[in-house]
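Undergrad: The lines below spell out each chain.
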Amino acid sequence: MLDLIWLVPALPLAGFLILVAAGARLGEPRAGWVATAFTSASFVVTALVWISLLGRDAENRVFEKVLFDWLPAGNLRVEAGFLVDPLAITMALFVTFVSSLIHLYSVGYMHGDPKFSKFFVYLNLFVFSMLMLVLGNNLVLTFLGWEGVGACSYLLISFWHTRESAARAGKKAFITNRVGDWGFMLATFLIFTTLGTVTYTDIGALAPNLAGGTATAVSLLLLVAAAGKSAQLPLYVWLPDAMEGPTPVSALIHAATMVTAGVYLLSRMSPVLVHSDVSLRIIAVVGTATALFAALAATAQHDIKKVLAYSTVSQLGYMFLAVGSGAYVAALFHMITHAFFKALLFLGAGSVIHAMNDEQDMRYMGALRKVMPITGATFIVGWLAIAGVPPFAGFWSKDDILLAAWEMDGGGGLGKVLWAVGLFTALLTAYYMSRQVFMVFYGEAHWNEARPAPATDNDEVDLAEFEGPPETVTVEAHSEVHPHESPWTMWVPLVVLATGAALGGLLNLPVIGDWLFLERFLEPVFAGTMHHITAGTGTKLLLAAIATTGALIGIWFAAQVWLWRRVDGRKLEPRLLEDAFEVDAAYARFFGGPGRATAQLAADTDRVVVDGAVNGVAQGTRRLGFLLQPAQSGLVRQYAIGIAVGALGLATWLLIGAVA
Amino acid sequence: MSILAATGDAGFAILNWLILVPAVGAVVVAFIPRGREDLARPVGTAFSAAAGALSVYLLAVFDGSDPGFQFESTRSWIADLGISWHVGVDGISLFLVVLTGLIFPIVLAGLDPHGDPKPYTAWMLVLQAASFGAFLALDLFLFFVFFEVVLVPMYMLIAGWGYDRRRYAANKFFIYTMAGSALMLVAIIAVVSLSASDGGITFDLNTLAERQSLATNTARWAFAAFAVAFAIKIPLVPVHTWLPDAHTQAPTGGSVILAAVMLKLGTYGLVRFGLYLFPEASVYFAPVLVTLAVIGIIYGALVATMQTDLKRLVAYSSVAHMGFVVLGIFAFTVTGLEGGILQMVNHGVSTGALFILVGFIYERRHTRRISELKGLQKAAPVMAGFFTVVMLSSVGLPGLNGFVGEFLILIGSFATRRWWTVVAAAGVILAALYLLWAYQRVFHGAPDEVNAETRDLLTREKLVLAPFVAAIVFIGVYPAPLLDRVEPAVDSLITHIEDNSNYRRPDQPVVVPAPTQSEDTGAETGGEG
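For the record, the sequence lines run as chains P and C. Under the working numbering, the first residue of the first sequence is numbered 1, with each subsequent residue one higher. Under the working numbering, the first residue of the second sequence is numbered 1, with each subsequent residue one higher.
Calculated from the structure, these hints are not laboratory results. Just to be clear, a hint being listed does not mean it is correct.
[Stated by the list, open to error] Below, simulated BS3-like cross-link-like pairs (lysine-lysine); rule was C-alpha separation at most 25 Å, straight line:
1. C:LYS462 / P:LYS115
2. P:LYS540 / P:LYS416
3. C:LYS378 / P:LYS115
[Said to hold, decoys possible] What the simulated footprint calls covered on chain C by chain P, stretch by stretch (three residues with Cβ under 8 Å from a Cβ of chain P suffice, anywhere in the stretch; the number is not a length):
4. 92 to 99
5. 136 to 142
6. 172 to 185
7. 236 to 244
8. 395 to 403
9. 412 to 424
[Claimed, not checked] Only part of the chain C face toward chain P is listed, based on derived beta-carbon distances under 10 Å:
10. VAL24
11. LEU408
12. ILE429
In this text the structure is predicted, and so the values were computed from the model without any measurement. Virtual Cβ for every residue (Gly too), placed ideally from N, Cα, C.
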């Protein structure tokens with residue numbers, strides 16, 4: 001069975017090729033079903049591989065399958081090969097699982113779109129790339145998937161390309177990610193020049209030979225890469241804008257799978273990270289800061305998807321905190337539960353947007369629970385999961401992370417500080433998610449309230465813009481809105497994901513004796529690099545109780561403001577929070593200002609100075625020619641005089657020479 | 001015709017035929033009678049394609065394990081001066097020859113010169129013959145002749161079939177390149193006469209390279225002269241400004257050939273006549289060239305960003321891409337140099353395809369101004385799809401050809417030129433910036449009335465682009481067949497540099513055997529299931 005691993009990425013690739021060739025002919029809905037079938041088949045194969053991997057002894061669950069030499073050049077040998085180990089198969093399982101569900105959902109969601117089949121072309125290509133990323137047996141193959149998912153993300157964010165804001169968001173995502181890719185490439189180069197290999201198993205074996213400085217450099221470069229892909233400070237700015245893409249894309253790529261690639265990369269490279277305490281601490285601090293920062297921004301968003309986008313950034317921050325604390329299993333546990341509940345929330349939001357005729361402003365929603373019972377109920381499950389209410393999935397995984405931060409080795413009191421910030425962020429999370437649920441599903445219906453005047457038409461954007469500030473979403477004049485429940489293709493995935501969000505904690509439940517399935521399964525991968533929890537049951541329970549209390553406080557406060565309306569919510573939403581501390585605007589000002597000026601300076605220099613010099617030489621030659629032209633007058637007398645004068649001069653010179 | 005009888009190996013002198021077939025084709029086309037000009041392109045394409053078929057045959061019979069020159073053919077030419085017709089092919093030139101063989105017939109068959117097809121076709125065939133000659137010549141004099149002959153047809157193509165400022169651009173191109181060539185000619189004469197020994201005078205590349213009898217300083221001066229000539233051709237910053245003008249004013253076919261084949265004469269020359277002939281001087285001057293290359297990568301990208309003319313933008317992207325090639329060459333590692341050679345081919349394919357696409361846009365909209373184009377993806381989705389693939393290749397997306405070259409160059413140069421590589425790697429960010437921004441302005445957005453009328457690609461146009469896309473994907477996914485054929489020649493060239501200078505390639509890191517766990521699993525590959 002293990003040998004079949006190549007089928008896992010090959011199936012979505014086949015789907016992609018078939019749809020490229022015949023997608024338009026297949027049309028709606030068949031193209032969607034083809035794509036869904038290939039992705040689901042990939043999930044089935046992954047599950048089979050996983051089962052046969054489980055059949056082996058725990059220490060022996062590593063398997064490599066090499067297809068061919070991809071880049072053989074000099075000392076470098078890059079294989080097209082797969083590494084199947086607990087980490088890879090865990091990633092592949094949840095990626096194919098969530099992907100299949102979201103493919104199914106998309107069949108309903110993209111109904112009627114003129115580019116229906118194109119959407120599934122990109123979606124299948126994405127799944128292929130994501131699987132190459134997690135299954136590749138070396139850094140370069142992971143990079144292939146890494147860039148591939150980035151390209152798909154670009155294509156899908158700008159899917160509705162006639163909208164300038166979507167086009168701009170797609171480009172921004174790709175370019176911002178490229179900054180991270182720069183880090184990825186340099187980390188690969190440094191690994192290769194010091195260890196002579198790019199293959200994970202060899203890196204794992206040779207990493208102890210790394211000098212401390214090199215390990216730190218590699219780790220920090222990997223952090224740059226991960227911060228780009230996983231939207232951490234300071235490279236997160238593309239993710240909120242990425243919401244311009246169709247909602248299934250936001251759920252699949254920008255919440256559940258692609259954005260977790262950074263966490264996967266850091267986990268995969270844990271044998272290097274473990275040799276650099278300072279890098280681990282920096283990773284933890286970056287993650288915690290991002291978690292807090294994005295949670296604060298999320299409390300003041302009005303766009304239903306923007307709340308979830310900032311929430312995703314924040315939750316990814318938790319995973320970085322876990323990695324930095326050496327708690328790789330906790331990071332992956334949270335990655336999986338987050339994939340369930342965040343995909344669920346995004347798809348629920350999509351269902352709402354669908355029902356509201358493309359309205360995304362939560363201020364014009366409310367009371368939707370009654371008209372959309374399934375969407376409402378599943379969204380509520382997702383809400384409780386992310387808010388950290390026991391026994392829903394998010395509670396367990398977040399708790400593991402906070403516990404690991406609490407126990408962080410060394411670093412003075414850093415671990416305790418990060419724990420406190422993480423706890424406060426959890427409270428904020430509970431608050432902003434409750435705010436969203438109350439605004440959208442509870443209270444009164446604001447569906448047909450008058451909107452403020454629409455923003456200026458997007459189509460008339462100055463073409464010369466370099467990187468303008470993000471556009472506000474256009475508010476179109478809506479016809480009378482009659483929200484309704486979505487078709488089965490859309491609500492079935494919601495129900496499945498809600499089940500995951502509710503019960504996902506079982507994967508790694510600490511309560512029942514020594515269940516801890518996920519930890520036991522993943523442990524061999526992180527042998528020697530992982531932090532083991534030492535706290536006793538008492539401490540664990542105390543910390544869990546504190547976290548739960550925090551979550552309940554957040555929910556209670558949100559209810560005060562948004563459910564019972566005892567506090568005016570607008571006072572809690574200063575402009576600064578809504579604009580996410582102006583970071584994005586500052587970037588836009590920088591690149592639109594000095595950045596653009598630098599490029600313009602280079603272009604002007606090239607035209608005026610460099611090329612000017614060339615033309616100057618040409619002009620000079622020409623002028624010299626004109627200057628000398630009179631000498632060639634064609635008058636024989638003049639030439640004779642010239643010859644005579646010349647001869648005389650020469651004779652004089654010779655004579656003087658002879659005399660002297 | 002005695003020239004076609006190869007000495008040394010019996011029978012068929014394929015390399016001579018490669019040069020001769022398009023040359024004869026040019027003559028035949030030139031004699032097509034007035035009134036039957038419509039025959040020019042079919043006949044020319046046939047000759048060009050015949051040469052292309054020969055180049056593919058050459059690829060098939062080429063011995064990939066041989067580091068030396070193959071299919072050599074030597075004929076004494078000006079015996080008193082030691083000048084001979086000496087051609088040969090090795091792993092370094094092989095794929096440039098194949099590229100030259102395949103791209104000309106595509107250009108001739110697929111791209112309409114818009115008027116006067118007879119001389120256009122004839123000049124194209126002369127260009128193909130001369131390009132083959134330049135890539136195959138193993139005699140300094142012969143190389144110089146071909147290197148110069150190439151200029152004439154390109155001058156004619158720009159001046160004859162170009163756009164409004166074609167004369168300025170053609171003159172600039174010709175004179176600028178000639179200025180460099182003049183230096184090279186002096187250097188060739190100096191090298192030949194100073195290397196003359198009891199064995200007499202010779203222009204033979206192998207003999208001169210193996211003899212290495214020049215004084216260190218002399219060799220450095222000679223290298224510098226060669227390097228200036230090649231730097232102009234590549235072009236390296238700051239001697240690049242002829243390129244945007246030539247590209248912008250040249251007809252589409254001319255631009256494609258200019259980018260795909262002619263710029264490679266510069267980088268190929270650096271390898272063949274720089275590194276091989278002057279190993280010590282190459283090492284001595286490497287920091288200068290690498291610095292210029294890295295400046296070119298960043299500077300070319302920045303300047304490209306602000307271009308308002310789409311074709312000019314692609315031209316500046318060439319400056320950046322060719323900077324990568326030079327960086328790879330002067331990394332002096334097998335990986336870097338292989339990447340550099342592969343990237344010459346890649347750049348030819350990707351940038352060639354970009355120029356074709358820009359040409360298609362121009363034919364429809366009669367403008368290349370980015371500000372006048374908008375929303376073409378809505379109007380012409382297939383064209384947008386082709387553009388996207390080619391753009392992603394140019395940006396260096398893994399799985400497509402551009403990545404393979406760029407990655408090998410960077411990983412190869414990181415070992416020997418770390419900080420330059422760090423800066424050069426940032427060039428991949430900028431490449432995404434200028435290309436994606438241009439794509440956004442040209443293809444995204446809602447088209448206005450004029451742009452909404454843009455016709456999508458015709459079948460003929462799709463067929464022109466198809467081979468480019470096929471090459472982009474093939475080289476991206478499975479470059480091993482190319483790399484395997486390049487490697488022996490590259491390896492022996494670096495050994496040659498080590499033998500003749502104090503340069504030593506970096507040690508391969510000591511790889512401690514992997515622990516038992518992964519060995520176990522390695523052994524099980526193919527088992528189970």
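Undergrad: Hint by hint, which ones does this structure get wrong, listed from lowest number up?
TA: Violated: hints 4, 5 and 10.
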